[in-house]
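Visitor: Here are the chains, one letter per residue:
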Amino acid sequence: MKPHFTHLKDHTRAQLMALVDKAIALKKNPPKDRPLAGQSLAFCFMNPSLRTQVSMETAAASLGAHPVVLFLGSDTWQVEFEDGVVMDGKTAEHLKEAVPVLSRYCQAVALRSFPSGTSWDEDKVEPYLSAFKKHATVPVINLESASGHPCQALADLMTIKERMDPKGKNFLLTWAPHIKSLPLAVPSSAAEIAAVAGMNVTIARPKGFDLPDDVMARVAASCKESGAKLAVTDAVPDAFDGQHVVYAKSWGSLQNYGAPLPADAAFRTRWIVTQEKMARTDKGIFMHCLPVRRNLIVRDEVLDGPASVVVDQAENRLHTAKAVLLNLLAEENLS
Amino acid sequence: MKPHFTHLKDHTRAQLMALVDKAIALKKNPPKDRPLAGQSLAFCFMNPSLRTQVSMETAAASLGAHPVVLFLGSDTWQVEFEDGVVMDGKTAEHLKEAVPVLSRYCQAVALRSFPSGTSWDEDKVEPYLSAFKKHATVPVINLESASGHPCQALADLMTIKERMDPKGKNFLLTWAPHIKSLPLAVPSSAAEIAAVAGMNVTIARPKGFDLPDDVMARVAASCKESGAKLAVTDAVPDAFDGQHVVYAKSWGSLQNYGAPLPADAAFRTRWIVTQEKMARTDKGIFMHCLPVRRNLIVRDEVLDGPASVVVDQAENRLHTAKAVLLNLLAEENLS
Amino acid sequence: MKPHFTHLKDHTRAQLMALVDKAIALKKNPPKDRPLAGQSLAFCFMNPSLRTQVSMETAAASLGAHPVVLFLGSDTWQVEFEDGVVMDGKTAEHLKEAVPVLSRYCQAVALRSFPSGTSWDEDKVEPYLSAFKKHATVPVINLESASGHPCQALADLMTIKERMDPKGKNFLLTWAPHIKSLPLAVPSSAAEIAAVAGMNVTIARPKGFDLPDDVMARVAASCKESGAKLAVTDAVPDAFDGQHVVYAKSWGSLQNYGAPLPADAAFRTRWIVTQEKMARTDKGIFMHCLPVRRNLIVRDEVLDGPASVVVDQAENRLHTAKAVLLNLLAEENLS
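Those protein sequences? They're chains A, B and C, same order as listed.
Numbering-wise, the numbering used here puts 142 at position 140 of the first sequence, and it's gapless, one number per residue.
Numbering-wise, the numbering used here puts 18 at position 16 of the second sequence, and it's gapless, one number per residue.
Numbering-wise, the numbering used here puts 185 at position 183 of the third sequence, and it's gapless, one number per residue.
Next up, chain A with everything else stripped away, as it sits in the complex (with noise of 0.2 Å):
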């Protein structure tokens, strides 16, 4: 089977922390011989991006691979994903040739491509994502898509790592405000990935706002392998007490998919991360993937703050995705 950098689960806990361990040493010493030097690797984007664009861009770049940045649909055809589909409508080329093209003219291909926000059941079986997986001859990275954003977990992991030994630490997802009802990609991978590392994770969520099944499930698992709490609550402030990192994030509900999310004052003000709740914590730290509305999911004063570690946290995803690509496509192969 092609090795893949698609979604946590695929990947053993012992993968994912070795790859961490990989990032934090590439920080330290960033490889200055170009192990990837002839190579080109394809970055597909159907959405916007900065961090995951430019981390990886620059990555493979430094590592002296070339990237091709393609923004799928807009400077390229309209790609289909229907298998057995009559193309008389508006995709002119199907993945099944596209996947298979890029794989002869670049040595790993990556997509970006969120979900339609129309109906969860057509959104999780990622249609785009599953179709590079099922044409690539290459390796496929996911740059975030229905379900998980790998990438951005390993930066999460890598950050706390840098600051904590995450094992037995408290670690809280706060769901936040929002004007859009946004994909639950980066909250499931953050758990995911702080339940891997052994942390008790708190999940503080309005009811109606749970987080995937089978994420809640493997959350669970791993807590329970680790000996680590697990709890869901919609108590905040309470749920600041103790802990160590604060992750902020909005998403949609999975109830009431792409429905608009409450936007009045009071509601608002409930869920927002302020000084007056980081101050519950145990010195507790500030994340938050970005972009990030300010004062909307959190006040300036937190951002602003010695607390936040967000442009760490964006930074590591420049040695993460080294970690990434060296591990997929170097010759000294980590797993």
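Treat the hints as calculated values from the structure; they're not laboratory data.
Just to be clear, a hint being listed does not mean it is correct.
So the derived label-pair ranges between C-beta atoms look like this [said to hold, decoys possible]:
1. B:20 to C:36: 30 to 40 Å
2. B:307 to A:269: 49 to 59 Å
3. C:85 to A:86: 50 to 60 Å
4. A:35 to C:229: 50 to 60 Å
5. B:17 to C:36: 28 to 38 Å
6. A:209 to C:86: 24 to 34 Å
7. C:91 to B:17: 58 to 68 Å
8. A:35 to C:85: 40 to 50 Å
9. B:261 to C:30: 50 to 60 Å
10. C:30 to A:20: 44 to 54 Å
11. C:39 to A:264: 50 to 60 Å
What the simulated footprint calls covered on chain A by chain C, stretch by stretch (three residues with Cβ under 8 Å from a Cβ of chain C suffice, anywhere in the stretch; the number is not a length) [claimed, not checked]:
12. 56-62
13. 282-295
14. 308-316
Just so it is clear, CB atoms sit at the ideal spot from N, CA and C, and this is done for glycine as well.
Chain A is already provided as a structure; the job is to place chains B and C on it using the hints.
Guide: This is chains B and C only, laid out in the frame that chain A set:
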């Protein structure tokens, strides 16, 4: 005169065959020594692309050059080609400046510019590409214009040569259904290169869908020179009998330029490529330049079957791109 | 303090002249040894570009660095610059995060951001560029802002210096017609650099089209320091008499900010640059930053004639870009 690679007709049979042979050699032994190091190459797109952009970009990078990908008129200013015009409208920059300027920054400039599809008289002069050729001071590469797609043609012939000695073999270009009236560049270049290679050429198309007269004259001349046969017919599926290569492609009518294609089911059934039709060939391979609309141009059964060589054909864009770039830009020059 | 290259006024005459001299030397002997190898540089565009993107990109690549080209707000999230705002609107990411994050991935960040054209008071503070300077932890390069285009100015002076010793020579900045009210960045920087170089500066513009007061104060101070003359006039074509350099450019009125330009034929005829006007100069060269609207700004006869140096001027963007990049990023630093 500056060497360019814009039209098959500018090159001798020997030159074209040498380019294909060089590409075959490059596929076996990709150069590792960055022969184009320090060069930058401008790839300008006025239309979508996947294979063309990525094959050129990865070919350039693998040879050590820096590819500059420009979406002309969207990322940049809208460009003018008319001489003497008072530029008080939408176009902000004349190619009289843009192309010489790019020639100062880059060691080659390449352009994809489709026909407008409203007037063949206007389109056939290829105003944008002609302005590139007129004003460039470095080699110009045609990445598909109204009249031809020479880079595709090289990959087409390479794909055939990898499987058979083309001389005396039977090549069928078969028109196929589509929802749009498409450019004639690919079928014209495919017919031309097959004839150049000494193949017997059959063009199966509905009445009213003939290729341009100058293309047909060149195809006829090449066939005559090599002693090959040339036939134009609307007799499908009979035209498939005994073919060694089936090249499917849709294109618009010159007589009824830009008009919608017939869309009735019987007509589409008549012209779609099926397994039943392929069975009449002499173990013929199935070719298409991609992107291909599945089950409109060709049925899944053919495209997913053993006769289909479309992904290899697309891969060969990479190797022929390297041959073209080396030919134009490397010190050891073929021609 | 971090070194930046964002405004001419931040640099001494000696520093600017040294950059131009370095560019002239780099043109003669392009560096082959990849002095910026391993670096990545972010070039952010909020407006179209041709010369700026391609010259920076090819300069970076030729020095061994990887250029990251970002169309900020279209490929990426829409960015916010206001402090303290509740981000519940269109902007999804604050430059307070975006710029520090880019600073972690890249060794320099560059920005093109035009003025909005609705309020000079708002535009002249250059909110996006100012946020870049405030939040970057690596050098910032201005690729054109409301108040200036320093990279263009270096290329302008280099182009003059290749043809004459500028000291004591006559420089005419002449306003020209256009269909839009354009930014004042280029004419401001052109006047400033000509004055810095010791040229006598004449600015010919319709009444009501004066450059900003602070620009004029700096131009006057430079002229005074070098003993050169400064004149502002609407007397065309007389202003062309005896000029060694004619620099044409259209710009909008500060007094009537963002308003459409006069479009009547007599006015346009009065201000367009013609061969007849050029004949009054002292063998003057014709300069323009490009893109130039032919037969609106300047007649074909001038642009296509021997006095025009616009393509050389554009080429010099490449060499001056290399000088700026080396100055900011290479170990052997000029300043």
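Visitor: Look at each hint and say if it fits the structure.
Guide: Hints and how they fare:
no. : hint                       : verdict
1   : B:20 to C:36: 30 to 40 Å   : holds, 33 Å
2   : B:307 to A:269: 49 to 59 Å : holds, 57 Å
3   : C:85 to A:86: 50 to 60 Å   : holds, 54 Å
4   : A:35 to C:229: 50 to 60 Å  : holds, 56 Å
5   : B:17 to C:36: 28 to 38 Å   : holds, 34 Å
6   : A:209 to C:86: 24 to 34 Å  : holds, 32 Å
7   : C:91 to B:17: 58 to 68 Å   : holds, 59 Å
8   : A:35 to C:85: 40 to 50 Å   : holds, 43 Å
9   : B:261 to C:30: 50 to 60 Å  : holds, 57 Å
10  : C:30 to A:20: 44 to 54 Å   : holds, 51 Å
11  : C:39 to A:264: 50 to 60 Å  : holds, 52 Å
12  : 56-62                      : holds (count 4)
13  : 282-295                    : holds (count 4)
14  : 308-316                    : holds (count 3)
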